[in-house]
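Number of protein chains: 2
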Amino acid sequence: MKRELIKNLISKEDGSEVCLSGWVDSKRDLGNLIFIYLRDISGLVQIVFDPEKVKVVWEKSRNLKPEWVIRIKGNLSFRPGENVLEKHSTGNIEVLASELEILNDSKILPYELKEGEKIKEELRLKYRYLDLRRTELKDNIVFRSEIFYRLREFLHKEGFIEIETPILIKSTPEGARDFIVPSRNFPKKFYALPQSPQLLKQLLQVAGFEKYYQMARCFRDEDLRADRQPEFTQLDIEMSFIEMDDIIEMVERLVNYVLKEVLNINLKIPIQRISYHDAMEKYGTDKPDVRFELLLEDFTNDFKEIDFKILQTVIDSGNRIRGLRLEDIDYFSRKRIDLLTNELKSFGIPGMIYIKRKNNEISSSIKKFLTEDIISKLNIKDGETILILAGSDDLINPALSYLRNKLGRELNLVKDDLAFLWVVDFPLLEFDSDSNTWTYKHHPFTQPFEPEKLMKGDDLAGIKARAYDLILNGEEVAGGSIRNHDIQVQKQIFETMNIPEEIYMKQFGFLLEALEFGAPPHGGIAFGMARLIASLIGIENIRNVMAFPKTTSGNCLMTGAPDSVSAEQLHELKIKILKNEKE
Amino acid sequence: MKRELIKNLISKEDGSEVCLSGWVDSKRDLGNLIFIYLRDISGLVQIVFDPEKVKVVWEKSRNLKPEWVIRIKGNLSFRPGENVLEKHSTGNIEVLASELEILNDSKILPYELKEGEKIKEELRLKYRYLDLRRTELKDNIVFRSEIFYRLREFLHKEGFIEIETPILIKSTPEGARDFIVPSRNFPKKFYALPQSPQLLKQLLQVAGFEKYYQMARCFRDEDLRADRQPEFTQLDIEMSFIEMDDIIEMVERLVNYVLKEVLNINLKIPIQRISYHDAMEKYGTDKPDVRFELLLEDFTNDFKEIDFKILQTVIDSGNRIRGLRLEDIDYFSRKRIDLLTNELKSFGIPGMIYIKRKNNEISSSIKKFLTEDIISKLNIKDGETILILAGSDDLINPALSYLRNKLGRELNLVKDDLAFLWVVDFPLLEFDSDSNTWTYKHHPFTQPFEPEKLMKGDDLAGIKARAYDLILNGEEVAGGSIRNHDIQVQKQIFETMNIPEEIYMKQFGFLLEALEFGAPPHGGIAFGMARLIASLIGIENIRNVMAFPKTTSGNCLMTGAPDSVSAEQLHELKIKILKNEKE
Numbered sequence: 007m008k009r010e011l012i013k014n015l016i017s018k019e020d021g022s023e024v025c026l027s028g029w030v031d032s033k034r035d036l037g038n039l040i041f042i043y044l045r046d047i048s049g050l051v052q053i054v055f056d057p058e059k060v061k062v063v064w065e066k067s068r069n070l071k072p073e074w075v076i077r078i079k080g081n082l083s084f085r086p087g088e089n090v091l092e093k094h095s096t097g098n099i100e101v102l103a104s105e106l107e108i109l110n111d112s113k114i115l116p117y118e119l120k121e122g123e124k125i126k127e128e129l130r131l132k133y134r135y136l137d138l139r140r141t142e143l144k145d146n147i148v149f150r151s152e153i154f155y156r157l158r159e160f161l162h163k164e165g166f167i168e169i170e171t172p173i174l175i176k177s178t179p180e181g182a183r184d185f186i187v188p189s190r191n192f193p194k195k196f197y198a199l200p201q202s203p204q205l206l207k208q209l210l211q212v213a214g215f216e217k218y219y220q221m222a223r224c225f226r227d228e229d230l231r232a233d234r235q236p237e238f239t240q241l242d243i244e245m246s247f248i249e250m251d252d253i254i255e256m257v258e259r260l261v262n263y264v265l266k267e268v269l270n271i272n273l274k275i276p277i278q279r280i281s282y283h284d285a286m287e288k289y290g291t292d293k294p295d296v297r298f299e300l301l302l303e304d305f306t307n308d309f310k311e312i313d314f315k316i317l318q319t320v321i322d323s324g325n326r327i328r329g330l331r332l333e334d335i336d337y338f339s340r341k342r343i344d345l346l347t348n349e350l351k352s353f354g355i356p357g358m359i360y361i362k363r364k365n366n367e368i369s370s371s372i373k374k375f376l377t378e379d380i381i382s383k384l385n386i387k388d389g390e391t392i393l394i395l396a397g398s399d400d401l402i403n404p405a406l407s408y409l410r411n412k413l414g415r416e417l418n419l420v421k422d423d424l425a426f427l428w429v430v431d432f433p434l435l436e437f438d439s440d441s442n443t444w445t446y447k448h449h450p451f452t453q454p455f456e457p458e459k460l461m462k463g464d465d466l467a468g469i470k471a472r473a474y475d476l477i478l479n480g481e482e483v484a485g486g487s488i489r490n491h492d493i494q495v496q497k498q499i500f501e502t503m504n505i506p507e508e509i510y511m512k513q514f515g516f517l518l519e520a521l522e523f524g525a526p527p528h529g530g531i532a533f534g535m536a537r538l539i540a541s542l543i544g545i546e547n548i549r550n551v552m553a554f555p556k557t558t559s560g561n562c563l564m565t566g567a568p569d570s571v572s573a574e575q576l577h578e579l580k581i582k583i584l585k586n587e588k589e
Numbered sequence: 007m008k009r010e011l012i013k014n015l016i017s018k019e020d021g022s023e024v025c026l027s028g029w030v031d032s033k034r035d036l037g038n039l040i041f042i043y044l045r046d047i048s049g050l051v052q053i054v055f056d057p058e059k060v061k062v063v064w065e066k067s068r069n070l071k072p073e074w075v076i077r078i079k080g081n082l083s084f085r086p087g088e089n090v091l092e093k094h095s096t097g098n099i100e101v102l103a104s105e106l107e108i109l110n111d112s113k114i115l116p117y118e119l120k121e122g123e124k125i126k127e128e129l130r131l132k133y134r135y136l137d138l139r140r141t142e143l144k145d146n147i148v149f150r151s152e153i154f155y156r157l158r159e160f161l162h163k164e165g166f167i168e169i170e171t172p173i174l175i176k177s178t179p180e181g182a183r184d185f186i187v188p189s190r191n192f193p194k195k196f197y198a199l200p201q202s203p204q205l206l207k208q209l210l211q212v213a214g215f216e217k218y219y220q221m222a223r224c225f226r227d228e229d230l231r232a233d234r235q236p237e238f239t240q241l242d243i244e245m246s247f248i249e250m251d252d253i254i255e256m257v258e259r260l261v262n263y264v265l266k267e268v269l270n271i272n273l274k275i276p277i278q279r280i281s282y283h284d285a286m287e288k289y290g291t292d293k294p295d296v297r298f299e300l301l302l303e304d305f306t307n308d309f310k311e312i313d314f315k316i317l318q319t320v321i322d323s324g325n326r327i328r329g330l331r332l333e334d335i336d337y338f339s340r341k342r343i344d345l346l347t348n349e350l351k352s353f354g355i356p357g358m359i360y361i362k363r364k365n366n367e368i369s370s371s372i373k374k375f376l377t378e379d380i381i382s383k384l385n386i387k388d389g390e391t392i393l394i395l396a397g398s399d400d401l402i403n404p405a406l407s408y409l410r411n412k413l414g415r416e417l418n419l420v421k422d423d424l425a426f427l428w429v430v431d432f433p434l435l436e437f438d439s440d441s442n443t444w445t446y447k448h449h450p451f452t453q454p455f456e457p458e459k460l461m462k463g464d465d466l467a468g469i470k471a472r473a474y475d476l477i478l479n480g481e482e483v484a485g486g487s488i489r490n491h492d493i494q495v496q497k498q499i500f501e502t503m504n505i506p507e508e509i510y511m512k513q514f515g516f517l518l519e520a521l522e523f524g525a526p527p528h529g530g531i532a533f534g535m536a537r538l539i540a541s542l543i544g545i546e547n548i549r550n551v552m553a554f555p556k557t558t559s560g561n562c563l564m565t566g567a568p569d570s571v572s573a574e575q576l577h578e579l580k581i582k583i584l585k586n587e588k589e
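Protein chains in written order, with this note's numbering: chain A, 7 to 589; chain B, 7 to 589.
These aren't lab readings, by the way, just hints derived from the structure by calculation.
Mixed in with the good hints, there may be bad ones.
Where chains are identical, the list cannot tell them apart; a pair therefore holds if satisfied intra-copy or between any two copies.
Under the rule of at most 25 Å between Cα atoms (straight-line distance), these lysine-lysine pairs were calculated in the PhoX-like manner [what the hints assert, rightly or not]:
no.	residue 1	residue 2
1	Lys217	Lys79
2	Lys132	Lys512
3	Lys217	Lys13
4	Lys387	Lys341
5	Lys71	Lys497
6	Lys315	Lys373
7	Lys8	Lys79
8	Lys113	Lys132
9	Lys351	Lys293
10	Lys351	Lys288
11	Lys13	Lys163
12	Lys18	Lys163
13	Lys217	Lys8
14	Lys585	Lys194
One chain only, chain A, in its complex shape:
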C-alpha cells in the first residue's frame, strides 16, 4: 500500500484506509487508549491506538517513544467540527491504527525540540540534524528552496542562461581575504576560492552569453560577524547591451514575480530610488530602513550663534550638527537618554544633546546656552524631543543611523511591511586617508558616469558610479553596477588608485586582455541569498535560513570542521605547519 503524506489526508474520504510514515512527535498514554502525534515533512496528525481495534498493534504502540520512526496503516476519521488539518497542529482529523511497523528507534534527544531557541545555540548546532526537525527551522529551509525555484523560473522564462563558474580559481583580490587551496600537482601554488564570480561573469559577457545567471557559492575568510558566514550563496546576474535602468527594471520584475508566486504579495513597482547623498543626509546610512518616516535633520544653521564652545568648534571646522526630532516625550526620560548616550560611545561619540519641550517648558543638556532665538529657529513644538549629535559626517552618520533604527523599533514606528529601496549615484571613488590614496567604493570594475573626468583626474570625489544597491527593510539584499568595457577607463581606475601596472596586470591581466577582443557593454547585480531570505521572513540570524551553518569563528560544531589532517596529506602537498610564530 502506498504511503501518503499527512497533508494529503484532508482530501480523503472519512473512513479511508491510509498508510503513513514519520516520526513520533509526542505520545499520550490514557491507559486504554494511546494517542500519538505523527510528524512527516508535510505536517502532524493524531494517531489513535485502541485495544478494541487490533490488540497486538495497541500493545506494540505502548513501547513507542518520541522521535521513533514508524509506519502505520489505519482508517481516517474526521472528528466532529470543520474538517481541517492545520499545518503545524492537529486539526480534527485522526487515524485509527490497524498496523504498526517500527522502522527505527531513537535514543532520548539531547534537548527538547519544543524548547526551540531557548536552548543555547552551540548545542543546537552540534545536533543540527535534530534542530532542523523544528517546524520553524524546517519551514525556513523549505521557504528558501521555494524562493530559489521561483527566481530561476523567472530568469529562465526571460532567456537567461545558467552557467557554472569554477570554485577552484586564481586569487583575484576583491577586498576581502581569500581562502586558498594548496595544489598537489603544482607545488608552491594555490587555488583560491572565489569571493564572487565577478571576473568570470564579465568574461562570459565577452564570450557572448548576453544573459547569464548562477546561484554562486562565494567564500570570504573574514573575521565573522553575527550576520556573516565563511561561505554564502549569491544569485549572480550579468547582462550585455544594457544600461543601468534595464537591470533595475528587470530586477523589479524579478522580485515582483517571486513575491507574488511565493508570498502572494504585490510589490509596488517601480521601487523608489534615492541617491547615496540623500540617503546619507536623511538616514545617515546607505542602507536606510524606509518602513518608517523619521528623517535626520540638519540643525547647524540654528546653532550658528550659540555661545557654546564645543558646538562652535564643530561648526567652525566645517562640520555639522544633526539629529532626530521625536514625539514620544515620555519615553525620553533622563535615564533613557543617558542609556542611549552611553550606547553611542561605541561609535566614538562623546556626547548627545537633547532638547525637550513639555508643557511649554524647555529642558535640555545645554539649556543655559539656548537663547530664545535658537529655540525659535529649532521650531520645537510642545511634546517634541530633539536629539542632537555634532561632528564630521563620517563620525556621526553611523551613530545617527543606529539611533534612528533603534528608536524606530522601540517607539513602534516600524510598519510590518517589505520596504524595498534603490540606492543609486554612489561616488565611484573614496579617499582613504590612511593610505593617502583613492580607492573604489563598490569594486574597481564599476563604470563611472563621467569617464572623461576620471581620465583627466578632475574632481575625483565628485565622479558618480553606475552602481545600485537594493535595500530591503534596512538590509542590503543586492548590489550591482555597470562595468567598464572600455579598457582605457578600466586601466585609468587602477592608475587613479595608484596600483602599479605590474600588479594589476598580474592580478587582472586576463580580464584586461579580454576587454581588447570585442567586449560588449555589460553590467549586472548579485543578491545575497541568505540576507534576502532572512529579510523576507523577518528574522535577524542568517544561520536560521541555512541547513548547516558555521559558528562566527567558522566552526562546524556538528562535524568538527575544520579538523587536523594527516602528515601524509601535508607531505603530498609539500606544505608544513608552523609550530610557532618565529619559524
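We have chain A; now place chain B onto it with these hints.
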C-alpha cells in the same frame, strides 16, 4: 528604440525598423555595398550598408572588422524566397542599415574561430572567452543550462526541496584524495572540499527532509584523466521511506521528462535492468554500451580437451576462455589482428587467439591445436571470426570490454540512439588482495540485501548491495544506493572492512550518532552532470560542456590558476612551503 534579438526578426513585418546589437561575425566589402554578418546570442543575420541609404553610415561601416561590437538601426528586408532565418546561418532576411554605433573594437583574434577544434586545445583554453563564441561550444553551454532547468522543474513538481550543503566541510574520506583548505582561525586545522555531499544528505534525511536535491559541486584531487576534472557538478538526490524500486521509478520519470522537454524524445520506460554478474558476463564491464548486440561468449568448455599447454593451464587454474564472435571477416586481416593484439598489451594481455572460417577454410593462430571436435563445438560459421582471450576474469574483462566497444564502433554496429540501462545487484564488498581485507564496492554506507549474512560474516563475497548505476551509451551517468539506517549494520560494515572503531568514529562518528536518533530508511542517487550532458550530446570530451574547464593537470590556462600567493597569506595561515623533499 528597443534592441531586438536576431532570432525575433522572423516575426516582424517586411520593412520594419529594427535595432540590433552584437558582434561583426564576418565582412564582405563589394566596393559600393558592404555586407556583414551580425552575430548575437540568438543567431546571425546579414546587414547591408549601402552608400545610397545613408552615406555617413556606409562610410563608418568600411572600418568595421571581425569581432567589433556594434549597434545598428535599419529596415528589415525579406529577400525573395521563403522567409527563413536559419539558426546558425543567414536565411533570407537582411537588414538595410540606417544607423551604426561602434560600441567597442577588437584586436585581431589569436586564432580563427572558424578553425574550431583544429586549433590546439591549449591555445583555445587560454582564450576560452573567445572559444566560447564558437557556435558548437556555445550551444553545449546553452543545452546544459536547459537540462539543469528541466531537471529542477521536474523535482520541484514532485515536491523535492533544494538544500545547499557546505563546501567547507570536514575531511570524510570517500576513496579519493581531498582538497584541503587551511583555516586561519584554527591554526593547524583544515577544511576539506566535499567529494560529494554524501554524509550531509544522509543527515538531511535524519533531519526529516524526505525529498532532497541539490546541484552539488564536488571536488577530487585525483590524477586527472581526459574525462575527469578536479571539480564537477552532480545532481544529488536523497529520499526517505522509499525502497530501491521507488528511486529507480522516480529517476525514469525524471529522465523521461527531461528528454521530452529538451529533445522531444520519448524514453522507453521502464529502462531495462541487468545484474552486475550478467553485465560482466555478457559485456565484460559494469558499464555496457547496449546500443549494439555483440555479446561475450564463454568458450571454456569447447577447449576443455585441447592439447595446448597455455589454454590447459588457464582451464586447470579455474579461469576461463572467453571472446567475441564477429561477422565482418574481411576486416580481420592478419595485420588488423596484430594491431588489436598489440593494443591489448596495455591491459596486461599477453596474446589474443583468433579463429576464422572463410570459404570453409579455418585459419587460426592456434590452428594446429584445433581438432575437428573443438571446431564443431565452437560452431563457427562460414564468414565468422572468433577472437579469444584466456585468463582470470579480472584480467580479461577490461580487455574484452575494450575490444567489444572498439569493434562496435569500427564495424558500425553502434546505433545512433540513447541506450539507457540499469546495472543492479552489485556485490556489497570486494576482497582487496593487496591489503588482504574486504572493502566496499560503492561506498561504505550502502545497505546490503541480506544484512543477517553480513552480521554473521557469512558468504561475504555473495552479499549483494542495494545499489544501482544508470548507464547511458556505455557511460555511467548516475549511481546510487539505499543507505544503512540501522547503526548495527553500518558498524558491522566498518568492522568487516577491518577499520578500527576509533578511526571510523573519528571520521564518521557524527553520522553514526545521528543514526541513533530516529533515522528513517533512506537512499538516493547522484548524476554526474558533465558526463550526462556530454553523453546526451554524443561527445567524448567533458571540457566541451563546461564554461571554464581545467587541463588534465588541473591548470586554468585562462587565468593561470593555481598561482603563487604572498608570504603574508601563508604567514596568516601559519603554513610554510617545503623547499625540498627532505625538509
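Comparing the hints with the structure gives:
Proximity of Lys217 to Lys79 under the C-alpha cut-off of 25 Å is restricted to the inter-copy arrangement: shortest distance 22 Å between copies versus 51 Å within a copy. Taking the shortest Cα distances, Lys132 and Lys512 sit within 25 Å of each other only across copies (15 Å), while inside one copy they are farther apart (43 Å). Within a single copy, Lys217 and Lys13 get their C-alpha atoms only as close as 39 Å, which misses the 25 Å cut-off; across copies the closest is 15 Å, which meets it. In this assembly of identical chains, the alpha carbons of Lys387 and Lys341 lie at most 25 Å apart only when taken from the same copy (22 Å versus 107 Å across copies).
Taking the shortest alpha-carbon separations for Lys71 and Lys497, only the inter-copy value of 24 Å comes in at or below 25 Å, while the best intra-copy value is 68 Å. Only within a single protomer do Lys315 and Lys373 lie at most 25 Å apart by alpha-carbon distance; the minimum there is 14 Å, versus 117 Å between protomers. Within a single copy, Lys8 and Lys79 get their C-alpha atoms as close as 10 Å, which meets the 25 Å cut-off; across copies the closest is 62 Å, which misses it. In this assembly of identical chains, Lys113 and Lys132 lie within 25 Å of each other by CA distance solely inside one copy; the values are 16 Å within and 57 Å between copies.
Taking identical chains as interchangeable, the C-alpha atoms of Lys351 and Lys293 lie at most 25 Å apart only when both belong to the same chain, with a minimum of 22 Å there against 69 Å between chains. In this assembly of identical chains, the alpha carbons of Lys351 and Lys288 lie at most 25 Å apart only when taken from the same copy (22 Å versus 80 Å across copies). Taking CA atoms no more than 25 Å apart as the test, Lys13 paired with Lys163 passes between copies only; the shortest distance there is 16 Å, against 31 Å inside one copy. Taking the closest pair of Cα atoms, Lys18 and Lys163 come within 25 Å of each other only across two copies (21 Å); inside a single copy the shortest separation is 36 Å, beyond that limit.
Taking the closest pair of Cα atoms, Lys217 and Lys8 come within 25 Å of each other only across two copies (16 Å); inside a single copy the shortest separation is 44 Å, beyond that limit. For a Cα distance limit of 25 Å, the shortest separation of Lys585 from Lys194 qualifies both inside one copy, at 19 Å, and across copies, at 9 Å.
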